[in-house]
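**Q** So the chains spell out like this:
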Amino acid sequence: MSCLTVILKMSERCNLNCSYCYFFNSKDQSYKERPAFLSDENKACLLEFLLEGVKQLGISKVVIGLHGGEPLLYGKERFIKLCNDFIDKWPKEVQLGFSLQTNGLLLDEEWVGILEKYKVDIGISIDGPKDFHDIYRVDHFGNGSYDRLIKKIHLLHKMNARFGVLSVINPKIGGKNLYTFLTNELKVKSFDLLFPHLTHDELSPYSMDEFAKFLCDIFDAWTLNNNKKIKIRIFISFLRQLLGGSRLLYGIGAIKNPGLPLITIRSDGKLEPVTGLMYTDPNTVTNTTKNINNTSLKDFLTLPIFQELKEAQTIMPENCSKCCWEKICGGGHIIDRFSIKNRFNNPSTYCSVMMDIYAHMTKYLLDSGIPESRIRHSLAL
Amino acid sequence: MLDTITKIEQFKKQVSKVPTDYKVITDNDIVNYILEMTNAKIVTGDWSDTCHYDTHSDNGHIDNHMDSHPDCANSILGEDANS
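Chains as they are written, first to last, in this note's numbering: chain D, 32 to 412; chain G, 51 to 133.
The set of hints was computed from the structure by calculation and includes no laboratory data. All C-beta atoms, glycine included, are put in the ideal place defined by N, C-alpha and C. Misleading hints may appear alongside valid ones.
[Claimed, not checked] Distance ranges between label pairs, derived from CB positions: (1) G/K67 with D/E64: 48 to 58 angstroms; (2) G/P69 with D/N350: 22 to 32 angstroms; (3) D/G144 with G/P69: 27 to 37 angstroms; (4) D/I111 with G/T70: 53 to 63 angstroms; (5) D/E216 with G/T70: 25 to 35 angstroms; (6) G/N82 with D/K107: 25 to 35 angstroms; (7) G/N82 with D/N288: 47 to 57 angstroms; (8) D/K107 with G/D77: 41 to 51 angstroms; (9) G/T70 with D/N56: 26 to 36 angstroms; (10) D/H188 with G/K67: 52 to 62 angstroms.
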């Protein structure tokens, strides 16, 4: 099965101004030169580009991640038309899925109805309780967004909408505290934890011990709760790997055959490798001259950067070869391995955190009756 | 071979350092869930990505067939999320 994930920057503007945002408040400021929204003309080109690519590469499933900026700024009417255009022209033999990552502030009953109708997987960004969420997730006047967001979470529950949550890790919240907040207070059933991007060319505001403690604590809160209806994606991905399965997340965890790379399409049709990499070195990693109007998907994927990204995921950094977790960790998240000097040939900046959480999870599995031999087999030991 | 022995020692040392002050649950729903996912259709016992799974894949949520972008919603949702 050959699958493709497309991150579509349908809106390159946002109603928030989160201080840690890699898209607006990092090295790449190219959004300023691009249209605010994907135009109708580019939408038509995009469809043609993908249909041709699906056919040429024999792709059997495409997931379109509706992204921004804030994707709901695109507007309901245009959003419906985009979904309808895709569904009407999409070949039946190829699966098509939509997901949406939003700050949630523009949601109303009509929006929720639209997202349900088109079976769009909804992801909401929440960092934690108000005091923590409002540190980074502020509007253009510097005001926190928590109070407005909570009303939208209540709306989603009221309408029985299915949604997940992404939280950028702030270790000061405390793992147990975040787990209780998300699952008890907000009644969230599925969430994921994102490490703040951290290349080797910068310093973390928090210590690695703080990150490790946070992760071990939230893992313990989850496992003590022992409710399989609560899903924490990063932990499920790691546990699967420890038990011999494959990873769930792009760029995090070892992989032998990465398959098709994830791609990003900007509002003007410009093509880039997966979003987030613009946090590393936009000039040499994400900036390309390719556009959906002047190339095919097949040709785009022959750019040298894709070979580099593939090698970064399949050939481990030199320092990782002596680590017992190498076969599942894969050097950590690809962005956190970057340095201007060595490119991706570094272990993750979160290396010690990864070791601690893998050891912690392994102990948990052993205590739960999983034979050590099975885990060692997964680690090729 | 020497490398492997060193790695096994490292593995044992790191795991033995994990504190055991948490409560161990013997009838473990989370482990059973992961095992169910992982055992669904293991092609080989190898660590490689030759393991593919047929369960849960068609409902647009936890997606066993593909890498999901960490900044995206697809596959955050479990198959019974919010049910």
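**Q** Hints first: check each against the structure and report whether it holds.
**A** Going down the list of hints, with the structure as the test:
Between G/K67 and D/E64 the beta carbons are some 51 angstroms apart, a value that agrees with the proposed interval 48 to 58 angstroms. Distance hint check for G/P69 and D/N350: the Cβ-Cβ separation is about 27 angstroms, which falls inside the suggested range of 22 to 32 angstroms. For the hinted restraint 27 to 37 angstroms between D/G144 and G/P69, the CB-CB distance of approximately 48 angstroms leaves it violated. For the pair D/I111 and G/T70, the beta carbons lie near 54 angstroms from each other, so the given range of 53 to 63 angstroms is met.
Between D/E216 and G/T70 the CB atoms are about 30 angstroms apart, so this pair conforms to the stated range of 25 to 35 angstroms. At about 42 angstroms, the CB distance of G/N82 to D/K107 disagrees with the hint of 25 to 35 angstroms. For the pair G/N82 and D/N288, the beta carbons lie near 29 angstroms from each other, so the given range of 47 to 57 angstroms is not met. Between D/K107 and G/D77 the beta carbon distance is about 47 angstroms. The supplied range of 41 to 51 angstroms therefore holds.
Distance hint check for G/T70 and D/N56: the Cβ-Cβ separation is about 43 angstroms, which falls outside the suggested range of 26 to 36 angstroms. For D/H188 and G/K67, the Cβ-Cβ distance of about 41 angstroms falls outside the hinted range of 52 to 62 angstroms, so the restraint is violated.
In summary, the structure is inconsistent with hints 3, 6, 7, 9 and 10 from the numbered list given earlier, while agreeing with the others.
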